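Number of protein chains: 2
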Amino acid sequence: MKLITSIREMQDVADELRRQGKRIGVVPTMGYLHAGHLSLIHRAKEHTDTVITTLFVNPIQFGPHEDFDRYPRDLERDKRLAAEAGSEYMFVPERNEMYGAEHYSYVVIEKLTDVLEGKVRPGHFRGVATVVIKLFNITKPHIAVFGQKDAQQALVIQRMVRELNLDLELIIAPIVREPDGLAMSSRNVYLNPEERKQSVVLSQSLQLAQKLILNGERNSAIIIAAMKGLISLQPLAGIDYISVADTSTLQELSQLKAGGSVLISLAARFGSTRLIDNIIMIVQEH
Amino acid sequence: MKLITSIREMQDVADELRRQGKRIGVVPTMGYLHAGHLSLIHRAKEHTDTVITTLFVNPIQFGPHEDFDRYPRDLERDKRLAAEAGSEYMFVPERNEMYGAEHYSYVVIEKLTDVLEGKVRPGHFRGVATVVIKLFNITKPHIAVFGQKDAQQALVIQRMVRELNLDLELIIAPIVREPDGLAMSSRNVYLNPEERKQSVVLSQSLQLAQKLILNGERNSAIIIAAMKGLISLQPLAGIDYISVADTSTLQELSQLKAGGSVLISLAARFGSTRLIDNIIMIVQEH
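Going line by line, the protein sequences match chains A and B.
With the working numbering applied, the first sequence corresponds to residues 4 to 289, in that order.
With the working numbering applied, the second sequence corresponds to residues 4 to 289, in that order.
Incorrect hints may have been included.
Because identical chains cannot be distinguished in the list, a pair is counted as satisfied if it fits within a single copy or across any two copies.
Claimed, not checked - DSS-like mimics (lysine-lysine), calculated; alpha carbons at most 30 Å apart, straight line:
#1 200 with 122
#2 5 with 143
#3 5 with 122
#4 143 with 25
#5 114 with 5
#6 200 with 214
#7 25 with 5
#8 114 with 48
If you're looking for bench data, these hints aren't it; they were derived computationally from the structure.
As the structure is a computational prediction, the values presented were derived from the model and not from experiment.
Construct the entire structure; sequences and hints are all you get.
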């Protein structure tokens with residue numbers, strides 16, 4: 004696997020790959036790779052000839068009191084894992100290569116970013132959309148693969164791709180979970196053993212919601228109350244939000260309708276660690 | 004010249020041209036072409052194998068009380084003129100093809116758009132940057148040519164291209180003027196004969212500023228006062244602003260320094276018609 008740190012060199016490599024008729028897949032990451040990321044690389048590999056994994060802890064998507072400085076990093080391990088998963092290139096720019104001293108240009112996605120993570124983390128999705136369009140312009144992919152774990156991010160990028168006419172295909176890959184159900188995340192390493200043990204309640208609460216809906220519950224308030232009840236049994240868990248929303252608009256649904264696609268998502272804190280998780284369901288006739 | 008109205012078809016044509024190793028030049032316009040636009044097409048032609056002229060009166064760059072509805076249109080004439088100038092393709096999308104019923108994605112360029120035209124026309128440059136990135140993603144150019152007449156627009160796009168890593172080269176072509184000095188503009192057709200006659204004062208005021216600077220004047224207030232004095236001799240002219248600013252930051256300069264690059268720009272109304280003009284100078288030692 005070849006490591007590239009220069010934007011110009013990465014663009015030249017992408018041009019040359021395209022000139023040779025190769026299809027390019029890109030997997031944007033912030034590094035500290037886990038099995039979730041590797042599943043994205045595998046997915047990209049299935050659909051393209053050459054996979055570029057990007058690794059950049061993007062400062063402009065972190066709030067002033069968030070974990071940018073302590074975000075976990077392990078480049079040597081990431082290189083090995085990405086190469087083993089089949090990535091041919093890893094693009095690892097320095098901060099100065101990506102943002103000059105004065106950066107004025109941003110991509111903003113309205114409406115979709117006023118809710119959920121966007122509400123709790125103002126400016127987060129502006130940072131995400133901006134770095135993603137930059138990474139697309141640098142790696143020139145035919146296909147880009149993102150994980151469903153960051154469901155709102157996936158929807159925001161989908162919207163950006165469509166509305167700004169980026170000529171590439173997006174693939175949203177399913178969440179990869181630990182054996183006990185915890186969604187894989189680079190931030191899971193922050194958890195102490197007791198927090199780690201209690202954090203399993205997040206995926207359990209989503210399973211509970213799923214069961215309630217399969218059993219015919221259509222009232223979101225009841226579903227959310229049941230999830231809250233379950234999570235609050237774990238004393239270390241602090242709920243940021245629990246949401247039952249329409250998958251495409253991210254507007255809250257008070258009542259579920261048959262045939263509708265619903266995103267059930269949550270964010271919770273364990274100590275200073277903030278975790279998110281979600282499921283997407285198509286509501287069946289009951 | 005081939006007319007294309009579909010985004011997908013335009014992208015496919017661009018892909019095929021690139022596959023053949025052809026270099027693509029794009030000239031984005033709002034139509035009603037004049038000699039200024041044609042000079043841009045000629046310039047694109049000099050540097051590329053295939054020129055795509057885009058023609059789209061972009062609704063999102065017009066304010067609610069601006070001239071979107073009455074903006075002059077003459078597609079048959081535009082087709083003929085662009086073809087004669089050497090354009091191989093004209094991309095002419097309908098509004099619905101460019102913007103769906105709910106459009107949430109925008110490119111914003113901070114700081115540079117708070118002044119001059121951006122101050123008088125809030126949201127204008129957000130509309131410009133957004134449509135230009137869309138047109139770039141649709142036509143996939145190696146080179147894009149813009150006119151210096153819209154100097155702030157050129158700087159905003161330059162910034163966007165650099166900061167969002169768009170892999171293309173920008174060319175800013177000089178202003179083309181009528182024999183009496185009036186900068187060519189599609190909006191000049193709005194002027195009645197008396198307004199047209201008086202409008203020549205705009206370019207004359209810029210020439211006056213240039214002479215003052217060449218003669219050693221370094222105080223912007225004096226330069227602006229002299230320009231105002233000259234323009235106010237024409238009773239139909241209403242000044243929106245006169246600015247002496249640094250070319251790269253667009254911040255006002257109170258004092259000119261040798262070696263500095265200065266943008267002298269203005270906007271004025273003649274009846275309901277709003278015209279802009281500018282010159283760029285490198286200040287010499289005196």
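Here's how the hints hold up against the structure:
no.	hint	verdict
1	200 with 122	within (28 Å within a copy, 55 Å between copies)
2	5 with 143	both (17 Å within a copy, 27 Å between copies)
3	5 with 122	neither (38 Å within a copy, 47 Å between copies)
4	143 with 25	both (11 Å within a copy, 18 Å between copies)
5	114 with 5	neither (39 Å within a copy, 38 Å between copies)
6	200 with 214	within (23 Å within a copy, 77 Å between copies)
7	25 with 5	both (17 Å within a copy, 29 Å between copies)
8	114 with 48	neither (33 Å within a copy, 41 Å between copies)
In summary, the numbered hints that this structure violates are 3, 5 and 8.
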